[in-house]
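K.L.:
Letter by letter, the chains look like this.
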Amino acid sequence: MPCLGKMERMIVSMQDPDMGIKMRNQRLLITVIPHAMTGNDIVEWLIQKYGISEEESLHLGNLIVRHGYIYPLRDPRSLVLRADESPYRFQTPYFWTSTKWPATELDYAIYLAKKNIRKQGELIEHEKDNYNLLHKRINHTWDFVVMQAREQLRAAKQRRKGDRIVIDCQEQAYWLVNRPPPGAPNVLEQGPERRNCHTTRVQLNMDYYKREIEYCRKAMARTRVKSSICLEGYLKFNEQYVPHDPIMSGCLPSNPWITDDTTYWAMNAPTVTTPTKLRVERWGFNFSELLMDPLGRTQLLEFLKKEFSAENLSFWEACEELRYGEQSHINEIVDSIYQQFLAPGATRWVNIDSKTMERTLEGIKTPHRYVMDDAQMHIYMLMKKVGTGRAVRGRSLGLTLRSPRTPTRASSSRSSTGTCWPRPSSLRKPRSGCSPSCASSGTPAPARPCSCPPVTPRPRERRRAGVLQPCPRRRARLCPSTLPAVALKERSHTSPADPTHCSQPLPTPRGSWHPACPMEQTQHRQK
Amino acid sequence: MPWETESKALLKSRKITSFPHSACKMATEGLHENETLASLKNEAESLKGKLEEERAKLHDVELHQVAERVEALGQFVMKTRRTLKGHGNKVLCMDWCKDKRRIVSSSQDGKVIVWDSFTTNKEHAVTMPCTWVMACAYAPSGCAIACGGLDNKCSVYPLTFDKNENMAAKKKSVAMHTNYLSACSFTNSDMQILTASGDGTCALWDVESGQLLQSFHGHGADVLCLDLAPSETGNTFVSGGCDKKAMVWDMRSGQCIQSFETHDSDINSVRYYPSGDAFASGSDDATCRLYDLRADREVAIYSKESIIFGASSVDFSLSGRLLFAGYNDYTINVWDVLKGSRVSILFGHENRVSTLRVSPDGTAFCSGSWDHTLRIWA
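These protein sequence lines map, in sequence, to chains A and B.
FYI, in the working numbering the residues of the first sequence are 1 to 527.
FYI, in the working numbering the residues of the second sequence are 528 to 905.
No wet-lab data here; the hints were simulated from the structure.
Predicted model, so just to flag it, every value in this text is computed and none were measured.
Do not rely on the hints blindly, as some may be mistaken.
Said to hold, decoys possible - Derived DSS-like pairs: lysine-lysine, alpha-carbon spacing no greater than 27 Å straight-line: (1) A/K218 - B/K575; (2) A/K210 - B/K568; (3) B/K699 - B/K584; (4) A/K305 - A/K210; (5) B/K625 - A/K210; (6) B/K831 - A/K384.
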């Protein structure tokens, strides 16, 4: 246990004559014990040394005591640190937990025998049980045990009272750590044994080192990016995502875990009719956000349909099904993908460049789950160029512009939003297009937590959504037959009535409990 | 002959420098083999040193320097909002369902429980035939769970709401390792599982048939944790083990792409940064570290002199700004990932924190402990 080594270093520095704890004589009833300190001293020292709070210092001190490195002189039966005038002492290194000599049954038996002999009835419950158990188990050496016990007691009588008390406490603390009473946590417990591999597969033999050498050589050859560039990436990511992080920035109307109000979940359910503004904003961060959000994906599909290139998304989804699907269905799925999307004259032919198509068709002859990877990547990049462009420019994607619901702050106290920091408004940087004033405008707050209130889109934005300026160049890449730009008709809500409730719907036996894509539903129907 | 193997062993450990004449002949034959092994080891070590030099060349700035431009975090308040009691023994692992409120947890006594953590109701329970169930995972669909431990297997249980059906009856044994199962995770679907084991390997399995799809060899000791990459292409995962290494693997080929060895002790937990460009690790050496995959190096260490117990479990908040780490000293420390400082320390558990996961929508995180309880913090 590496923590024991560190704890010991801590203990040693605590006992440093200059910087350590000031030790003095402590009075225990009528006896004076030298080289002792109070619980308060320990806590204070830890606070000073590590710059931590009192709570943390007390917690740390308690752990040190529980591991037996410091023991209490008064009430030695419980290894607890009290931040008061209770006297404590450092455990002798002979009894340190890290000295791995095992606390044998014999030693324990001698200890219990000593206690028993010294004063009848001094053994407490579990000690009595253990004593009887040991008496049965090592009965053959019991005479030796008793003899040793008597010897040690006799030697102890020769010492001064102070020393006797100290030695007793030391021993008691040691056994409290090594034989904890029932109910007390066993600090020595580590869980299942680790480092078992030397008995099974992994061996530090020639093959292992050969592999290491090969790996090093490959690693030397790989390209690396400068730290400054990589680290900038974190800052950018942080800036983008912190407003979306409920723990950092709170969530509107409130964090369900704090207020027990599940409106937030209802509003952000996978298949809600109208997404929140934050959610739409997130789709603009990168294509993956749009694609992985079920609602975003639906929007993407709608958009692609208008561009007459919905087959791309279907193809991508089919490839995902291949990659993550059952091993036994691979041939079937590959065949189906080929028939639908790749075969000459296929109904939903996808436009892949010739090289990739060649490679893929070749690969199909020996189908495996990664055979579509290149083609899938190509189509993914295609969709990304188009999908992200639109989203970032704030255009199209139909529904996203229909004044997505901006939730208002819950009327209860500020803390209910779940912000972990009390944030004075002066510290907050005004976000473009999403200033606090936004929250008050727009759609009304939900009337009841359990319903999904209807959204009244403003007439102006409805018209804006209706006009799409497709780029002819892009269109050509997407669809073999270039069609003239089609002005979008005003969209009506086609999605079914919002099934969201207060609590999340129970998973259905079929599997996905949020219909991700209408296409998926049709596929199921076809089956 | 016993003394032959003994002399070879002594030579390998380089404990003896000279040996009796009678052993000479046997020893010289063995000497060639030992020489090659020793020379290989030396070569490997010198290459590693050169690799470190290469990595260091592009390291022109530290994270906390870059992070000076970022606003500091103020006072932090997070409390236990739910306590889940019901396990009769140490909680070892937990995972969230995609519905953001259900969780599955497993414990030392073999019990695996599915909770609706919002209401704290237990919805399902199954008793495994083994103790120390160290790994459990929720399927992406929410319709099944996987778990395993000292039985060396990973089993998948479909979740049924039929009261009459016994969950254990439909159990599917998927993964078979030669040592304990330390971690498991579904990939993007219910039909594939990735496992890590005490036998030093990771493996990818087909759930339906139980077939091994790919195995990952390279760790020199028990593998204790793994995490799948959130990246768009989703083809890699990272694992950490008792050999102090964190390794990034290509799921297709089974090859190790990158490896990092800067910890001083067992790596108990690894978790990707939300962007997928980096990952954090928690180790028995009482530190958490951040490794950048593009820069191919460690870029931050999260440690404090007063923290001397190992970190058992780490996870990022949704934006990656905060790193929550559960420790063996019963506490949870919250780190500012960018600035490298500790934001807060959370008390509450009465024994080691063994597992910690942030909820899928980032509204809360759940911690499980050896004190038999799970806590939801927000």
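K.L.:
For every hint, state whether the structure bears it out.
P.N.:
Evaluation of the provided hints:
1. A/K218 - B/K575: Cα-Cα ~11 Å, so holds.
2. A/K210 - B/K568: Within the cut-off at roughly 9 Å; holds.
3. B/K699 - B/K584: Outside the cut-off at roughly 50 Å; violated.
4. A/K305 - A/K210: Given that 27 Å is the threshold and the Cα spacing comes to 54 Å, the pair is violated.
5. B/K625 - A/K210: 43 Å, violated
6. B/K831 - A/K384: Roughly 43 Å separates the two Cα atoms, so the pair is violated.
Violated hints, in rising order: 3, 4, 5, 6; the structure is consistent with all others.
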